[in-house]
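Engineer: Residues per chain are reported as follows:
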Amino acid sequence: MGTPVSQQTRDLYWRENRRLMLILGFFWFVVSLGCGVLWVEPLNRIQMGGFKLGFWFAQQGAIYGFILLTFIYALAMARLEKRLGLEEPDA
Amino acid sequence: MSLTETTYWVVGASFALYVVIAIRSRASTTQEFYVAGKGIHPIANGMATAADWMSAASFISMAGLIGLSYNGYGGSVFLMGWTGGYVLLAMLIAPYLRKYGKFTVPEFIGDRYYSNTARIVAVLCLIICSVTYVIGQMKGIGVAFSRFLETDYETGLLSGMVIVFFYAVLGGMKGITYTQIAQFCVLIFAYTVPAIFISLQLTGQPIPQLGLGGTLADGSYLLHKLDHILLDLGFQEYTTALRGSTLNMAAFTASLMIGTAGLPHVIIRFFTVPTVRAARTSAGWALVFIAILYTTAPAVAAMARLNIIQILEPEAGQALLIEERPTWFKNWERTGLLEIDDKNGDGRIQYHADPERNELVKLDNDILVLANPEIANLPNWVIALVAAGGLAAALSTAAGLLLAISSAISHDLLKRTLMPQITERQELMASRIAMSLAVLGAGYLGLNPPGFAAGTVALAFGLAAASLFPALFLGIFSQRVTREGAILGMLSGISVTLIYVFQHKGIMFIPGTSFLGNLSPNWFFGIEPNAFGVVGAMVNFTVTLIVTRFTPAPPEEVRVLVERVRVPIS
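Heads up: the protein sequence lines correspond to chains A and B, in order. Taken in order, the first sequence gives residues 669 to 759; the numbers are from the numbering used here. Taken in order, the second sequence gives residues 4 to 573; the numbers are from the numbering used here.
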């Protein structure tokens with residue numbers, strides 16, 4: 669807790685964090701509001717097994733995408749913290 | 004053993020389990036009462052969050068909302084909205100509030116916006132969101148009891164209150180966490196077992212998520228067949244039926260997502276894990292556990308709808324004879340969830356989209372989940388399990404909400420504002436008293452539901468999206484936003500949303516007081532009241548940022564606080 673962290677490291681950490689959020693946020697939008705709502709009609713012309721693709725995104729795919737994005741974020745942030753020496757000790 | 008006896012045994016066993024857990028996890032400090040001592044493993048917290056999150060609405064009503072009211076595709080707003088919020092929570096809110104390291108959501112808002120007024124406005128917003136939400140849970144408990152255990156509604160509600168009282172008042176967050184883990188196991192088992200059976204029966208595929216895209220006995224795709232049958236009956240196609248317009252669906256989804264990331268009873272679950280890192284992975288695990296139910300629900304929706312239609316029309320063009328309707332059908336007619344009216348007097352039940360011709364005059368959304376095991380001829384213990392699962396879903400959410408309400412009162416109003424001199428022991432006592440009052444209050448509202456009780460769960464999300472989320476987000480991502488900005492932003496966001504809902508649905512939902520009428524031509528860009536939270540959030544953001552420009556910058560210690568919550572150590 670007591671270790672001071674340089675302003676430079678803080679700024680770098682926050683910049684990297686925001687960059688990662690923007691990238692993942694973009695995919696968050698694409699899998700849900702994009703494929704599931706806005707572009708659902710053209711995607712529905714593609715049939716995937718018994719599913720129309722747009723419908724599949726809206727009722728299944730978006731959720732799988734969210735899980736993936738959340739874990740990618742957690743892993744990437746843990747790596748970033750390790751790289752910058754900002755790892756918390758396990759409590 | 005009769006069905007009622009089996010149900011008593013299964014529900015009784017689940018309640019006994021919760022009580023044993025409560026006795027073993029008694030809270031003895033405020034830290035344990037508010038945040039379970041910050042020692043919960045991220046996977047365990049993920050499970051508890053999932054139970055906290057999935058309410059009676061998710062368990063009992065959601066599949067029916069998707070399959071019946073929203074006719075398929077339109078119901079996707081709930082699926083995407085109530086899961087997508089976790090991505091926002093994991094990236095934008097949870098890790099920083101965990102780093103902040105204190106007990107409640109209004110506490111962060113009060114400290115970040117260096118103002119007790121901001122703290123109290125946040126407490127107010129929290130109570131408005133949580134109380135609208137908790138009424139629905141209490142009703143769910145009463146209804147589940149009365150339907151499955153054949154008690155009256157009041158007895159059911161009181162039994163539920165006694166159980167919640169026991170483990171929430173005694174154990175606080177610590178007791179709630181461990182019971183929620185048990186409740187998650189009960190509810191997810193109860194939801195998936197009937198789903199697997201119905202998927203096997205219809206498509207031969209044991210995994211419902213795949214069965215939804217699978218083929219029926221006649222070789223045609225399930226969804227394809229459902230589309231055709233519904234078109235024949237005068238409904239819209241299942242896989243493409245929009246809810247309102249594309250804009251309305253996008254707004255509805257976004258409101259539920261943002262609301263999820265702003266609901267205090269979910270956010271405080273992430274205060275219970277040991278590290279910032281654990282808060283992030285825990286959100287991922289919560290989503291995995293939630294997704295088990297949320298990806299099964301659309302399969303249940305489509306399969307149960309198809310099943311019901313096929314039962315009503317056993318041979319092509321030949322509707323079911325009223326006298327030949329199955330026993331489960333008669334049983335559920337007694338509860339009022341199903342109702343038939345043989346309008347043309349031919350002794351058969353015609354099901355049709357046209358209300359003039361439709362003879363299945365009442366087909367309640369909840370039927371899809373509640374009657375599913377009977378429709379599929381499953382054994383009694385599975386039916387009993389659904390009862391225990393519905394109760395677990397309602398109890399776990401009610402407990403989480405009650406904790407959020409009582410900690411806002413005992414910690415933010417008493418300790419941080421009105422009586423800062425009280426000791427930890429006194430505060431712990433105060434939080435137990437506040438929790439007891441919250442249980443009694445919720446029980447009272449469950450027994451005497453105000454006119455607006457039904458259909459307000461979605462409103463809670465709109466209100467959270469319009470009030471708390473922007474204040475939290477800007478508090479973390481901007482150092483410049485001022486207390487004046489945040490206070491006026493929260494007030495304007497929540498007011499705009501409430502006014503929009505009230506002017507279409509009646510002041511406090513009293514019919515007749517809606518001065519615009521709940522008519523879609525009067526909707527702002529065709530956005531329905533439940534989907535308005537995203538507009539409220541935009542109003543909040545705009546007001547906050549404009550007011551901030553014209554008010555003096557926050558003091559230095561706020562800058563230090565923001566710097567501190569952004570980085571996991573130091």
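Note that these hints are calculated values from the structure, not bench results. It cannot be assumed that every hint is accurate.
Claimed, not checked - Which stretches of chain A does chain B cover? Using the computed rule of at least three CB atoms under 8 Å from a CB of chain B, they are:
(1) 672–684
(2) 719–729
(3) 733–747
Owing to the predicted nature of the structure, the values given are computational and were not obtained by experimental measurement. Don't be surprised by glycine CBs; every beta carbon is placed ideally from N, CA and C.
Engineer: Taking 8 Å as the Cβ threshold, is the statement that the region 672–684 of chain A is covered by chain B upheld or broken by the three-residue rule?
Structural biologist: holds (count 5)
Engineer: With a C-beta cutoff of 8 Å, work out whether three or more residues of the region 733–747 of chain A approach chain B closely enough for the coverage to hold.
Structural biologist: holds (count 9)
Engineer: Okay, the region 719–729 of chain A and chain B, do three or more residues pass the C-beta test at under 8 Å?
Structural biologist: holds (count 7)
Of the numbered hints given earlier, the model fails none.
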